[in-house]
Structures are given as structure tokens and as C-alpha cells.
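S.K.: Let the hints inform the model, and build the full structure from the sequences given.
To convert, note that position 19 of the sequence shown is 19 in my numbering; the numbers rise steadily by one, no gaps.
It should be emphasised that the hints constitute simulated quantities derived from the structure, not laboratory data. Check each hint, because a few of them may be wrong.
Claimed, not checked - Cross-link-like lysine to aspartate or glutamate pairs, in silico, EDC-like; alpha carbons within 20 Å at most:
1) Lys27 to Glu13
2) Lys27 to Asp9
3) Lys51 to Glu40
4) Lys15 to Glu25
5) Lys15 to Glu32
6) Lys27 to Glu40
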Amino acid sequence: MPFSQQSIDFLIENKIHDSRAWYQEHKGLYAEFVLEPFAELVARLSPAMLKIDTLLMDKIRKRPIIRFAISGRASCANFDDNALF
1 MPFSQQSIDF LIENKIHDSR AWYQEHKGLY AEFVLEPFAE LVARLSPAML KIDTLLMDKI
61 RKRPIIRFAI SGRASCANFD DNALF
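M.R.: Listed below in C-alpha cells is the structure:
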């Protein structure tokens, strides 16, 4: 599912309400209109991004780090900060 006007509307409403309670009540909409489009975007961009920057690859799991960042499951322990410098 691509980003849509509903994606933008959700993000605007989330900013307006700025409330954990509101977010919890609308978490399903977040998954549908924000998380799924981002996951699709990342899946489509990952092959090209990995060709440009191999540091995006999680050497332990042999998968792109970005794939985990979207879901919030990424672990800093798996990322070598020294590899950036």
C-alpha cells in the first residue's frame, strides 16, 4: 500500500493530539496508513541502498538493518558504530 492522503491525515492528527492515549486508540490506523507504506518503501529501496552503502547490512543476520528499524526491532548491539568512521 503506498502512502496516501490518509497517511498524511493520520500524521497531522497524531501531532495535533500529541497524546499516548490517542495514539493507542488509533494504533491500527498507524499500522495501516504509516507503518505498512514505510515497510513497502524500504523493501523497494533496500536493494539499491545496499548497492550504495554496504554498512546498511547487518553482518550477523545477513539482512538489511533498515528492515528492522521500521518495526522497532533493531538492536544497537548489532551495529558497529566504529564502522562509520
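S.K.: Run every hint past the structure and note whether it holds.
M.R.: Hints, one by one, checked against the model:
1. Lys27 to Glu13: Roughly 12 Å separates the two Cα atoms, so the pair holds.
2. Lys27 to Asp9: Holds, at about 14 Å.
3. Lys51 to Glu40: Roughly 18 Å between the alpha carbons, so the hint for Lys51 and Glu40 holds.
4. Lys15 to Glu25: 14 Å, holds
5. Lys15 to Glu32: 17 Å, holds
6. Lys27 to Glu40: Roughly 18 Å between the alpha carbons, so the hint for Lys27 and Glu40 holds.
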